[in-house]
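Protein chains in written order, with this note's numbering: chain A, 3 to 262; chain B, 3 to 331.
Do not take every clue at face value.
Subject to a maximum C-alpha distance of 35 Å in a straight line, what follows is the list of computed DSBU-like cross-link-like pairs (lysine-lysine) [as the list claims (entries may be wrong)]:
| id | chain 1 | residue 1 | chain 2 | residue 2 |
| --- | --- | --- | --- | --- |
| 1 | A | Lys-224 | B | Lys-198 |
| 2 | B | Lys-35 | B | Lys-198 |
| 3 | A | Lys-224 | B | Lys-62 |
| 4 | B | Lys-136 | A | Lys-260 |
Bear in mind the hints are in silico, worked out from the structure with no lab data behind them.
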Amino acid sequence: MDIYVLVKQVPDPEANVKVKSDVELEIENKYFTNFFDEIAIEAGLKLREKFGGKVTVLTVDNKKVDALRRGIAMGADDAIQITDPALEGSDPFAIAKTLAAYLKDKPFDLILAGRQAMDDDAGIVGPGVAELLGIPHVNMIVGLEIDDPKKELKVVREVEGGKEILSCFLPALFTCQKGLNNPRIPQVMNVMKAMKAQMKKVDLAALGLSAVDVGGQAVKIKVQKYLPPPKRPPVKMIKEDFPENVKQLVKLLKEEAKVI
Amino acid sequence: MSNEIWVFAEQQEGKVRRVAFELLSAAADFSKKTGSTVAGILLGSGLQEALKSLTSYADKIYLLDDPGLAAYTSDAYLIHMAPLIKEHQPSILLGGATSTGKDLFPRLAMHLQTGYAPDCTGLTIEENGKLIAKRPLYGGKVFAEMIYLEAKPQMATVRNNTFLVNQNLNKSAQVIPISSPIDPSSLKKKVIGLEKAAGAKLDITEAEIVVAAGRGIKAPENFKIMEELADVLNASVGTTRATVDEGWRDVKDQIGKSGKNISAKLYMAFGVSGAIHHILGIGTCKTVVAVDTDPNALIFNYADYGIVGDLFQIVPALTEELKKAMAEK
């Protein structure tokens with residue numbers, strides 16, 4: 003199987019992110035490979051173990067390639083960085099367009115991605131790429147059963163109140179949700195190897211795209227203003243002894259917060 | 003372009019999700035400012051009940067009732083919705099930030115080449131019909147107000163419980179039946195089954211009240227007391243990453259950065275320390291209650307009401323006390 007995994011380096015959940023001005027954020031320099039992307043890489047590697055073939059990790063980023071290194075350390079065969087100054091300011095639709103332009107003439111069987119990137123939390127790139135390539139997609143998969151890549155496969159997605167089982171044929175694109183697998187921890191030797199690995203770089207010209215297709219010129223929606231999260235008033239600690247504290251809580255929920 | 007605001011009236015097994023009524027109520031408010039027509043778009047099979055539940059909430063309902071649409075797939079919905087949107091050119095298209103909304107809307111927006119704001123926690127409208135969508139970024143560490151450029155419709159998915167349902171809209175919708183343009187068997191993807199989760203509780207993203215326990219619950223079987231508390235409040239039971247990673251609870255109930263964001267009216271956390279991963283998932287809950295044995299637990303910094311105490315003592319007592327309070331209602 004020829005598998006491509008879309009990956010991204012994003013701020014670590016512990017990283018400080020603050021509003022610097024109406025249109026600018028201050029992000030602490032603490033990054034990790036998007037949690038859901040590691041699940042996607044793992045899913046790709048498992049399928050390669052079963053059917054043979056190749057896993058390629060792919061990112062669109064002008065600076066950060068550590069997600070590619072993570073992919074190689076975990077066992078991916080190849081890593082591609084799409085980089086071009088014109089990509090600055092791209093929205094997820096432009097990123098999807100760029101990825102689709104790269105993938106459209108590749109002999110892929112399956113494209114995997116995380117359910118969303120933990121920065122803009124948008125979840126647009128995966129379904130967007132599938133739309134542009136004209137292949138089916140399923141979001142937030144928690145199960146994947148392939149007996150034969152040429153035949154109908156089974157995929158399970160999470161829905162409210164249960165799990166939905168779908169069937170489809172490859173080629174397809176799936177976005178991966180926690181619960182699909184537990185991503186492997188790369189061995190130290192492989193991490194060292196990944197540090198030295200050469201990423202293949204691809205620019206927009208090679209994809210037949212130009213500056214007007216991506217970047218700030220192509221956006222359809224933009225940030226008017228960044229805002230800090232709404233502040234909660236200070237906590238009211240209920241200091242009475244048990245069981246009076248429980249009675250007091252119920253009273254407050256009923257009469258003050260009016261939520262029950 | 004028409005001056006219509008469309009709401010995707012998502013239904014499952016013939017029942018329209020509450021978030022659709024929330025959005026129709028918000029759209030009715032917007033229409034007072036913009037003079038828009040509010041339309042619901044309802045797709046599925048055997049939709050009589052669903053249609054009936056919607057008619058007082060919209061001016062128009064575009065109805066696609068077809069056996070080929072019995073189960074949702076993005077392929078089938080897109081093929082039916084896209085031509086309709088192109089024909090009628092609504093100025094706005096809203097949907098719930100549900101598993102289906104988040105599956106369909108990005109693909110549809112890409113197909114229509116228009117702007118889309120996912121997982122919003124607020125929407126406002128200007129008199130000229132320009133939508134401003136507010137959404138959390140970086141798991142809720144910051145928020146952004148997004149505005150749309152020229153392309154229409156302005157699309158957004160919105161979290162459950164962002165708007166209140168207005169039951170007094172008293173509209174009587176004109177129903178516009180649309181016939182299916184395609185043979186559904188030509189589609190590449192199909193749904194072959196639905197495995198329902200045990201119990202009848204709502205998903206934690208949909209429930210108005212969520213009660214959760216973290217590692218402080220000590221063992222998976224102890225969640226029984228949480229279930230009992232939830233039953234009194236018609237609430238759902240959530241949890242933290244720690245208990246999911248231990249294999250005590252299903253990932254579908256995990257609140258936080260690698261789990262789900264909830265916007266409950268009331269959220270109560272028991273034995274939850276308040277790691278940033280978890281806090282990020284409850285940022286838009288209205289009232290937060292925290293109970294933990296550690297007076298320095300971080301969760302208290304994010305709560306409205308706090309009790310330092312043992313959950314094994316508090317939870318059963320609270321269940322009893324709430325039973326009394328609910329009986330008085």
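**Q.** Violated constraints from the hint list, given by number and in increasing order
**A.** Hint check: 1 and 2 fail, others pass.
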